[in-house]
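Visitor: Join the two chains into one complex using the hints; note that each chain is given alone, in its own frame.
So the sequences go chain by chain: A and B. Sequential numbering from 1 applies to the first sequence in my numbering. Sequential numbering from 1 applies to the second sequence in my numbering.
In short, the hints are calculated from the structure, not lab data. Where hints are given, some of them may not hold.
Claimed, not checked - List time: in silico DSS-like cross-link candidates among lysine-lysine, alpha-carbon distance up to 30 angstroms: (1) A:K368 <-> A:K383; (2) B:K49 <-> A:K103; (3) A:K139 <-> A:K179; (4) A:K577 <-> A:K482; (5) B:K82 <-> B:K55; (6) A:K459 <-> A:K482; (7) A:K22 <-> B:K49; (8) A:K505 <-> A:K482; (9) A:K545 <-> A:K581; (10) A:K368 <-> A:K398; (11) A:K383 <-> B:K161; (12) B:K49 <-> B:K82; (13) B:K49 <-> A:K281; (14) B:K49 <-> A:K241; (15) A:K398 <-> A:K241.
Stated by the list, open to error - In silico contact screen, one side only, chain A against chain B (beta carbon under 10 angstroms); selected entries: (16) L25; (17) F99; (18) K105; (19) N250; (20) D292; (21) L410; (22) S421; (23) N422.
Cβ coordinates follow ideal geometry from the N, Cα and C atoms, glycine included.
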Amino acid sequence: MSLPMRTADDDLDLWLDQQTQKSLLRFLTCGSVDDGKSTLIGRLLYDSQMVLDDQLASLKKESRNRMVGEEGIDFSLLVDGLTAEREQGITIDVAYRFFSTDKRKFIVADTPGHEQYTRNMATGASNADLALVLIDARKGVLTQTRRHSFILSLIGVKHVVLVVNKIDLVDYDQAVFDKIVADYRAFAGPLGFSSLEAIPVSALRGDNMLGQSANTTWYHGPALVPYLETIDVSEDRSAQKFRFPVQWVNRPNLDFRGFSGTVAAGSVAVGDEVLIASSRKPAIVSRIVTMDGDLTSAIAGQAVTLVLDREVDLSRGDVLTRPGETPEFSNQFQARLVWMSDEPAYPGRSYLLKVGAQLVPATITDLKFRTNVNTLEQTAATKIDLNEVATVTIATDKPIAFDAYRRNALTGGFILVDRLSNATLAAGTIEFGLRRAQNLTYQSFDVNRDVRATMKGQKPRIVWFTGLSGSGKSSIANLLEKRLTAEGRHAYILDGDNVRHGLNKDLGFTEAARVENIRRVAEVARLMADSGLIVLVSFISPFEKERRLAREIAGDIDFAEVYVDTPLEVCEARDPKGLYKRARAGEIKNFTGIDSPFEPPANAELVLHGAEEEPLALADQLHGWLKI
Amino acid sequence: MTTPSLTHLQTLEAESIEILREVAASFERPVMMYSIGKDSSVLLHLARKAFYPSKIPFPLLHVNTTWKFREMIAFRDSMAEKHGFDLVSHTNPEGLAGNVNPFDHGSSRFTDIMKTQALRQALNAGRYDAAIGGARRDEEKSRAKERIFSHRNANHAWDPKNQRPELWRVFNTRLNPGESMRVFPISNWTELDVWTYIYSENIELPSLYFAKQRPVVDRSGTLIMVDDERFRFEAGEAPRLETVRFRTLGDYPLTGAIRSTAATLPEIIMEMQASRTSEREGRLIDSDSVGSMEKKKQEGYF
Numbered sequence: 001m002s003l004p005m006r007t008a009d010d011d012l013d014l015w016l017d018q019q020t021q022k023s024l025l026r027f028l029t030c031g032s033v034d035d036g037k038s039t040l041i042g043r044l045l046y047d048s049q050m051v052l053d054d055q056l057a058s059l060k061k062e063s064r065n066r067m068v069g070e071e072g073i074d075f076s077l078l079v080d081g082l083t084a085e086r087e088q089g090i091t092i093d094v095a096y097r098f099f100s101t102d103k104r105k106f107i108v109a110d111t112p113g114h115e116q117y118t119r120n121m122a123t124g125a126s127n128a129d130l131a132l133v134l135i136d137a138r139k140g141v142l143t144q145t146r147r148h149s150f151i152l153s154l155i156g157v158k159h160v161v162l163v164v165n166k167i168d169l170v171d172y173d174q175a176v177f178d179k180i181v182a183d184y185r186a187f188a189g190p191l192g193f194s195s196l197e198a199i200p201v202s203a204l205r206g207d208n209m210l211g212q213s214a215n216t217t218w219y220h221g222p223a224l225v226p227y228l229e230t231i232d233v234s235e236d237r238s239a240q241k242f243r244f245p246v247q248w249v250n251r252p253n254l255d256f257r258g259f260s261g262t263v264a265a266g267s268v269a270v271g272d273e274v275l276i277a278s279s280r281k282p283a284i285v286s287r288i289v290t291m292d293g294d295l296t297s298a299i300a301g302q303a304v305t306l307v308l309d310r311e312v313d314l315s316r317g318d319v320l321t322r323p324g325e326t327p328e329f330s331n332q333f334q335a336r337l338v339w340m341s342d343e344p345a346y347p348g349r350s351y352l353l354k355v356g357a358q359l360v361p362a363t364i365t366d367l368k369f370r371t372n373v374n375t376l377e378q379t380a381a382t383k384i385d386l387n388e389v390a391t392v393t394i395a396t397d398k399p400i401a402f403d404a405y406r407r408n409a410l411t412g413g414f415i416l417v418d419r420l421s422n423a424t425l426a427a428g429t430i431e432f433g434l435r436r437a438q439n440l441t442y443q444s445f446d447v448n449r450d451v452r453a454t455m456k457g458q459k460p461r462i463v464w465f466t467g468l469s470g471s472g473k474s475s476i477a478n479l480l481e482k483r484l485t486a487e488g489r490h491a492y493i494l495d496g497d498n499v500r501h502g503l504n505k506d507l508g509f510t511e512a513a514r515v516e517n518i519r520r521v522a523e524v525a526r527l528m529a530d531s532g533l534i535v536l537v538s539f540i541s542p543f544e545k546e547r548r549l550a551r552e553i554a555g556d557i558d559f560a561e562v563y564v565d566t567p568l569e570v571c572e573a574r575d576p577k578g579l580y581k582r583a584r585a586g587e588i589k590n591f592t593g594i595d596s597p598f599e600p601p602a603n604a605e606l607v608l609h610g611a612e613e614e615p616l617a618l619a620d621q622l623h624g625w626l627k628i
Numbered sequence: 001m002t003t004p005s006l007t008h009l010q011t012l013e014a015e016s017i018e019i020l021r022e023v024a025a026s027f028e029r030p031v032m033m034y035s036i037g038k039d040s041s042v043l044l045h046l047a048r049k050a051f052y053p054s055k056i057p058f059p060l061l062h063v064n065t066t067w068k069f070r071e072m073i074a075f076r077d078s079m080a081e082k083h084g085f086d087l088v089s090h091t092n093p094e095g096l097a098g099n100v101n102p103f104d105h106g107s108s109r110f111t112d113i114m115k116t117q118a119l120r121q122a123l124n125a126g127r128y129d130a131a132i133g134g135a136r137r138d139e140e141k142s143r144a145k146e147r148i149f150s151h152r153n154a155n156h157a158w159d160p161k162n163q164r165p166e167l168w169r170v171f172n173t174r175l176n177p178g179e180s181m182r183v184f185p186i187s188n189w190t191e192l193d194v195w196t197y198i199y200s201e202n203i204e205l206p207s208l209y210f211a212k213q214r215p216v217v218d219r220s221g222t223l224i225m226v227d228d229e230r231f232r233f234e235a236g237e238a239p240r241l242e243t244v245r246f247r248t249l250g251d252y253p254l255t256g257a258i259r260s261t262a263a264t265l266p267e268i269i270m271e272m273q274a275s276r277t278s279e280r281e282g283r284l285i286d287s288d289s290v291g292s293m294e295k296k297k298q299e300g301y302f
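Next comes chain B alone, as it looks inside the complex (with noise of 0.2 angstroms):
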């Protein structure tokens, strides 16, 4: 047959650009989530693309937990400036004010305070009706029922049992007052979908995805980057320099690091076709409890 036809990555970008705007035309205060990771950077590249040649029409939302890697911040000023989107930041004041982090108060209130409550306090105070975010549906189980357009109550809470059905690409924007949207435009995106995205859109990213000479301490086989003085050492402890390098980005005490030599886009794709562990294994917040990101899920996490 001679029928032009698109690839698999011109038909998930083509969709993910439908989905970015219905967003933009459905809601009165959408936003979108930015981590600064590569998945947001898909995502921010993608909403270039669909309201091109206009700016992207709503404001890009970072939670800062002020634990991220220093250069996630830098990387995050720089895309705003070049790009010419809104950013809005956003601390929850009553956790830096009583000084909330990962060593005094451990992974999973850390993330709550910092991250799940701050969200919560972000999206009511921009009173936005529409949050989108960059999650797929292959990286963890309770996301691989979760639709493209995921109704929150008034409490931004999901309920994976009473998800409204989604047929074809008709999407049921509407909403009650009080009640919210998550929206994943990239839901149906593979972790190689992105990263062969990334390579053949030449795609910018943090230099943490790429290895290079870290100082690192190695705890019960995690390697953690000493970012900043912060840095809680305990006995006996030091940094040694190794050349590692990040699968995911998040905050730099509770972020592992992998051993690799891998320093370009096709080394690292080909890095991760022959690693044959999962992607988020390298995310402390998981690991908690079975089930724990449908249970963070429930209560707003993203």
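Chain A with its partners taken away, still in its complex shape (with noise of 0.2 angstroms):
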């Protein structure tokens, strides 16, 4: 390897134009530490002269009693992790190592390689171009192997390169090496790599590292590190279809506009015709602006503010494109999700999904398949594990933009949010769209209930809570709706506050005035939920015959009644309006549970009681019983 020229002679101006004009691969390496991934990494920064002085006369001091090459030193001593793993002894995370030469700078993802720690490979194979797969020369192609091939070719990383290590414990023996490599490309065949390339090397003793090893004359390939300075992995991303997903609206006073964002794939000029891919609306690039100045065009992964030459409806999360290029536009498609958090997946859930700058609520709607990451066997299932990966169908919310990730994983590629602790649960990967959501004609179906219903991903219902002022029925009903929202669910809460005060606020407390209160909003109640929602109606409704009536109205519409049950004595001594006060002193008139009945239900589907348990507990309850 040539080193970073180190005299006053050099020309140091030419040096540094070199230094500005390298290159940039990024890589991962996968492997476990038995493999001699640790070692292989401590060598490669080693080689490069990237262990500085201070480190390697502490590395020499700690690599006292371990197995050590020629130059005294554990190299994988150099990649140690955190304390806390270190004290543990387990790497449990994605780790980032830098080193460059002449030609290039590296940027290498040192991931685990157990089983169990599937996500953080994923992670690691995101953002790279190219992998190591180190094989044991003693051991051969194993599962863990298999596996680390599988999800490579499920985040798409499209080079790879066999690296056999340990080559001196097989005595540098030809036939040991053909037949891994005969193995592994045998296997990784249908698994589409665009290049694959094997290397025998020992990463302990130096072995095809930097250049031919006098111990393999029958190897005639290039040695690992020219050839990672040397592979051309740019995939000519300039030359695709262009997508720039608008990131920010750059907007310093009313006579500048400019969408700031970086250009996923293709290029632009000025002079070009783009479209929005949402609305199709199209618009000419007049300038390409950035701070040193504006640019005539720009290619993919340049980050600059675009100017249209006429006022669009375009903020954060469109994709601008070009006419004939358009992405796919849709609120369902099928994907493959990698699955990275101890709670399971269950197809009804509803998810945050960020797609680019797209943020939008998600279900996975049907659970097609898991694969097994070690046999890529194929089985049903009705749940996602941690590491488990799995192809799903997934409905948005509203229509994204997007393209499949084997064209574009910047535009195809996504992450599933919990809606309540915010954790990133999975990473997935578009296959295809399941819908143009574009072509939708309204004419072609009669829009009902259940069209509604299914673009909600809920079944709308009416839950019917009653029970005496202070029994708790609003908490409840508060508590079930939050729980509701962050959930996903589209829910709403009818009750004395909201309603008495606008559509009855010209009903008194007479019998029929009562009556007619509970008929209106029976009747707001069941046209909720005929739009799709979840409906909450939570008042008094001491009588027999209007709960009857409401579940009359309701029609076929789901109708739950709750009897919140708690004793007058309670409801009295919280009092929360201070109302039981004022009945009792004769300044309320017809007061429910002082000078008026409470006829208890005899048929209601569900008891709470309000005195036993606290609001949350019985919302839990409620909502466990609703099986929402």
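Guide: So this is what it looks like as structure tokens:
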């Protein structure tokens, strides 16, 4: 490896210019500690002189009593991680290492090899152009080799280097190497890597690392570092279809409106006609603005600000494309998921989905099958556990612009986020769109309750709370609404406060007025449920007759009467609005429980005991019973 | 192949700009840490580029221990005026009242009170939900695993074992109330990248990085500059003029100078390539104990 020049005689400016002109290669290392992965990375850092004098001195000290090469250093110590991990003797995460030669700068994602770290490997692979798949020459192709290779193909890493390590421990035997390479090629064929190079190395001794080893005269391919320095991994992203996700609207003053973002694929020039993917509205690019001056064109990977020739409705999350090159625009697609959370995935659950700058609520509508990462066998499943890979269909709340992941990772790769904890739950790769939303013809079907309910991904229903004032109806309804909303459901509470003050403000408290009050509320609840909502009605509704009326109005809509059974003494002691006090003092007439009766429901679907448990526990109980 | 492609510095620059824009677009109250050093200078330059022709849409926060080199403060103020950004400076008022200083309280307690605690105060006072910093993954082992968007709980603490997976460039910027994010746009830059970028973009730096005659005392091999009259001399100690420069900038009594004649950027880069000691060696706060940086980070230090 040629090193940065160190002598004062060298032409400094030339060297500096060379430093600014290097290309960048990101690669991933797959393999376990036993395969010599840490030693390999440590060797790369050492050979590229990235190890500094003070680090080297402490390394030599630490390397005593360990297996070392000629240099007297245990290279694996160089890639040590966090203290918590060091103490536990495990590697739990992705670590990034950096080294460079005169030709290239390298960013290495170092990921653990065991099955329980599939998510970490997927994470590391997501930004890698190339992967080193390590094999211990003594052991050959193992189950983990297959797993690593499958994940690489899943995440779309195109270039693989099969590093057959510890070749010194099999006496530099060509037959061993050839058999491993043949075994690997036989199984990796269908995974569709664009390039596959196999190199026999000893990371510990340095064979075939920087140059040809005298110990493997039978090997005529490149040594590892020269290969990494020269391999062309550019997919020619600039030649692909133009994609520009708008990240930020740049508006310093009324005279300037630009759209800032990074060109994800293709290229764009001043004068080009572009289209907004969602609305199909066209515009012409009038300027490409950067702080270094306007550009005439920009290519994939450049962060720029585009100015268009006309006023268009365009904001963060939109994608600019070109006529004839538009991405898919749909609210349903098939995708593969790598599940990254301890909490399993279930079909029907709602999550947040982020692709590019678009963030939308989304639901897994169907779990087609799970793929065993070791055997590639596909099996039926009802949930997805941590580190499992599954093929699913996903519906988003509104259409989004995307591409198949194999065509464009930046517009086809997404994450799922938990709506409550905001944790990142899964990485997803879109396979294909299932329905083109722009082709939806609204005449082709009647918009009815089922259609609206499917759009919302929920079953509309009416939950009718009955019980004394102060029994806890509203508290429970509020907590249930919060939980449903957090889960991505669309719910609404109808109660005295929001109905009596508006819709029913003309009604008093005579018996006829009370019946009319309930009738109107029941009708509104039915309309809301018909529009797809989960409606929570919280009214004292003391009379059996009124409740029966509400049930009849609901018709074929699922109706559940929930009786919050709290003894009068408890309600009166709580008296949150001071109403009992006023009723007892005679200030309020016809007050339920005091001078007007409450008829306990005989056929409520569910009874909640308001004096025995906290509202939160009761809301949870109700949530479980509703099976939403 | 004749396809136009980007150099590694162009790629790093574009990615950092994308990260900065994502912060501006996703958070309610972002802030950028400004420590006046070379990494901060690069960050400032990138932020100006990210939002041009708009001004930087968030304030820059400087945690002032009152023990910074005087030139740093002058440089800071001149940058704020030149580039028109909002500058927020914060000093721990209790630390100031108690005259907390590196001489009487030691580097560890001084750093905790005037840096870590002061930072927490400033972040709480500004109710910032995202704080952008100039840390790099090549600086220190514990940083190698930190995310670009690094989640902090309501106490500003980092949980290294429970980090969110970070895939492609799809960043999860969602927070619960009270939580915040630390964002590191130059995570993937190395020290050499920073210097070559400064060189190619002609970024202005405090002159402390360049060799000059300065009054220093030698404390067991570490050269400390006598920057003002508050310096405590030990018995028999006297400042003497030496040609030195600094590889990192911080509190002057805690920042070691190196003997050097490198007075231009190319000379500095050259010297850095030839020298074989790691950057943080000149920072006294790291040498207290093994894994000390990781511990500080868990407590909220940048």
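Visitor: Just pull the numbers of the violated hints for me, sorted ascending.
Guide: No hint contradicted; all consistent.
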